[in-house]
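Dock chain B against chain A, hints included.
There are 2 protein chains.
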Amino acid sequence: MDNINQVLIVGGTHGNELIGVYAIKKFQRSHPLIQRPSFVTHTLLANPGAIAANVRYLDQDLNRAFVDSAAPSPANAPSYEQQRAAELRAQWGQPESPVDLLIDLHGTTANARVMLILDDLNPFTLHLAAYLSRCQPHLRVYSSSGSGRRQDSLRSQARYGIGIEVGPVAHGTLRADLFQQTEATVLAALDFVEQLNQTGTVPADLPRSVTCYCYRQALDYPRDEQGQLQAMIHPDCQFRDYEALHPGDPLFLSFDGDTIPYQGETVTYPVFVNEAAYYEKHIALYLTEQQIIPLP
Amino acid sequence: MDNINQVLIVGGTHGNELIGVYAIKKFQRSHPLIQRPSFVTHTLLANPGAIAANVRYLDQDLNRAFVDSAAPSPANAPSYEQQRAAELRAQWGQPESPVDLLIDLHGTTANARVMLILDDLNPFTLHLAAYLSRCQPHLRVYSSSGSGRRQDSLRSQARYGIGIEVGPVAHGTLRADLFQQTEATVLAALDFVEQLNQTGTVPADLPRSVTCYCYRQALDYPRDEQGQLQAMIHPDCQFRDYEALHPGDPLFLSFDGDTIPYQGETVTYPVFVNEAAYYEKHIALYLTEQQIIPLP
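The listed protein sequences derive, respectively, from chains A and B.
So for the first sequence, our numbering puts the first residue at 1; every next one is plus one.
So for the second sequence, our numbering puts the first residue at 297; every next one is plus one.
Hints were generated in silico from the structure; no laboratory data involved.
Glycine included, C-beta positions come from ideal geometry on N, C-alpha and C.
Hints should not be assumed to be uniformly reliable.
[Claimed, not checked] Lysine to aspartate or glutamate pairs mimicking EDC-like chemistry, simulated, CA-CA at most 20 Å apart: (1) K25/A - D177/A; (2) K322/B - D487/B; (3) K577/B - D355/B; (4) K25/A - E576/B; (5) K281/A - D177/A; (6) K25/A - D554/B; (7) K281/A - D191/A; (8) K321/B - D473/B; (9) K321/B - D258/A; (10) K321/B - E225/A; (11) K577/B - D516/B; (12) K26/A - D554/B; (13) K321/B - E280/A; (14) K577/B - D520/B; (15) K321/B - D224/A; (16) K26/A - E521/B; (17) K26/A - D520/B; (18) K577/B - E521/B; (19) K322/B - D256/A; (20) K322/B - E225/A; (21) K321/B - D256/A; (22) K577/B - D448/B; (23) K322/B - D473/B; (24) K26/A - D177/A; (25) K322/B - D224/A; (26) K281/A - D61/A; (27) K25/A - D552/B; (28) K26/A - D552/B; (29) K322/B - D258/A; (30) K25/A - D448/B; (31) K26/A - D191/A; (32) K25/A - D473/B; (33) K281/A - D59/A; (34) K577/B - D357/B; (35) K281/A - D224/A.
[To be verified] Selected chain B positions facing chain A (in silico; Cβ < 7 Å): (36) K322; (37) T405; (38) F551.
Chain A with its partners taken away, still in its complex shape (with noise of 0.2 Å):
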């Protein structure tokens, strides 16, 4: 694998995502704790509007606004996150000095533990995947390779991109064992980084796999005819990501405390279930499938 020469840490792509913002203002504040010797580390808070306002965004998600620069301007004026994501182009998205790997740190309200967000299966990420599951017992993988998300986050301005998404948290809020566990999330995956760059190798001790939640489907919440909710996640389904959801199992309970149930036809391991921004996108939660990858 190509050496890593430049890695970039952000927090505060969605401005309420507390943990992220104040991982990174202290990295900022002790930056020797992030330097290694092989490669640059950067810190970035990626929307400074929304962290100021604490909100996720002001107009619009700057981690949906990295559309393809071939695609036509919009015909308005650019929204405050579509100038954003374009001045972080223009910083940190330039072929010739590239970022190498760039970690996102994010917050949700759903169940994540620590959850490691891999855009593509590649062999770089595996490794560093298999490398923080041996060293993070809470960690989870989910590849959202399949969902889009590749093509317009922040992340896909780098070589390698990985999110770092903890929870369940309230935006807004910090949580100080979830913060810690970013932290250290956070600095062996550049412990990772120096000893490949190093050696030119991955530690030999590796698990000889990873077991991966693979994005399928995204599923909204039962809504009638004007589009309102008419049903909340069921208690059973609640902070149950990862677990195994069979047909037939509850999955949705009307506000008249009838159960709905999971209608697929195979067993799904939902993610991401009751995050409160994803209310307005109409996702109640993500449908996965669980494989175990092996390593290249």
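Showing chain B alone in chain A's frame:
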């Protein structure tokens, strides 16, 4: 005790506390649920602008906007919530047709379980609290008397006002179990009022006392000179609402991992620990005193 003739159930005083909003929508759809023979039950979505925007408030906290009408009016144009407070006062705060009981539904990111908020420990609310404690094992009683909440809250407009505050739930989300506990608590409160009106007396088999967590003090997070957070709620304190906190117990954890102990001199019982909306109010938690209050 006098008859209760008009009850007003309110949700959406804070627009992103969805359990209250959807409980009111359900009660409006299924009005017979909340009808009782001896009194009239009304429903209200208090802050429609904030509900539509899925935020706590548009300009200022509506539940702090019911300032004394004798107070001088602000020099600037009234905020959305000031206008809304004036409308609500005109509609519901008239002495000639008083709301006898106002039940205000809230959600919190703190581990409130089902918190019954009493602004005022009078015979009616204490008997109601005793009745609800018997019906609802998750219920805890918090007395905000002494916190000043009675002065400027929506509840101040009624003869008797109670809050039902459920958590932990992230703002902008629903939780089915807490939705059902909210609904059950409201319906039990209506049953209590019906019985009181019909018989002129409270049930004979009520507990003889109510355990009440009484507000004593608000504590802020440790901050630096610029007001920036320096620490988070300690993992040993997170979600430990209503549990004894002794002098020297861990209270905060700095971003560098240092424990900051509770420095009070007596045991206290925190509530509203790590409530998202209180960061901007510079409140990390409330300290309460646990009191056993005999029924009058």
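List in ascending order the numbers of the hints, as given earlier, that are violated by the structure. 5, 7, 30 and 32
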